[in-house]
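Colleague: Sequence:
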Amino acid sequence: FDLQKENIWVSRRYIARVMKALLLVSKYTVKRYQSHHTEVNETVTENHLQRQFDVGDKKQIVVADLTYIQVKQRWNYLCVLVNLSDRQIVGYHVGQHKTAELVMSALSQIKQPLSKLDLFHSDRGKEFDNRLLADCFKTFNITHSLSKKGCPYDNAVAEATFKTIKTEFVKGQRFNSTAELQRAFSAYAYWYNHKRLHSSLGYLPPVEFKKHLPLNFLFENVLPFQNDRGGTV
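For the sequence shown, full-length UniProt numbering begins at 1 and goes up steadily by one.
The reader is advised that the hints may include incorrect statements.
[Claimed, not checked] Heads up, simulated DSS-like pairs for lysine-lysine below, C-alpha to C-alpha not over 27 Å straight-line:
# : residue 1 : residue 2
1 : Lys195    : Lys163
2 : Lys166    : Lys111
3 : Lys166    : Lys148
4 : Lys116    : Lys126
5 : Lys163    : Lys111
Hints in this document: simulated from the structure, not taken from any laboratory.
The structure displayed is predicted, hence computed values, not measured ones.
Build out the structure end to end from the sequences listed, making use of the hints.
Modeller: Structure follows, in structure tokens:
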């Protein structure tokens, strides 16, 4: 699609031959199980999102998730917030501890007033069950939504975003400090929002896709991906 933008039309087979000649290999993922302890949030908060991932510009909904990244000999944690309407990374923060403060730091990066945020959805990690977050959501009248226990499909967009991040950003990288990781991810997030083509957005970067939202571009031009457990990503 980048080549098509430059009005260069070639087949996938031709691209494969060129890549082979240049000894280029695309990044890919292999499923591997890594044991990592996560405390479960047992609060009775409901799943208000209900896998309705295609929201257009009618509502401001953010989905959140955390992952762990090795920095030297210890784990650091990355919290990322994604806007469902255009799939932009709107907030992120890196820390050495998996806490509500880490989530709040990511929330503080959202450029629009938090009072305009309708819903915040996450999995049931303990970092999302905290008085600090509850007070924030109450102050700005934000509905908090939680996935069902042990059901990653309820937060499929965030899960898919982290799969991409681990493939494109984490894999093969070494970070010597939390500050270095934060700086590196800041650069990646800018590229992700402004340059990276997204198949679910009609092969447009999120920032460019956002320009089409008032024209209901999401519903008229993009066929949403149907996952195998219901809902769209």
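Colleague: Broken hints, numbered, in rising order?
Modeller: Hints that this structure does not satisfy do not exist here, as all of them hold.
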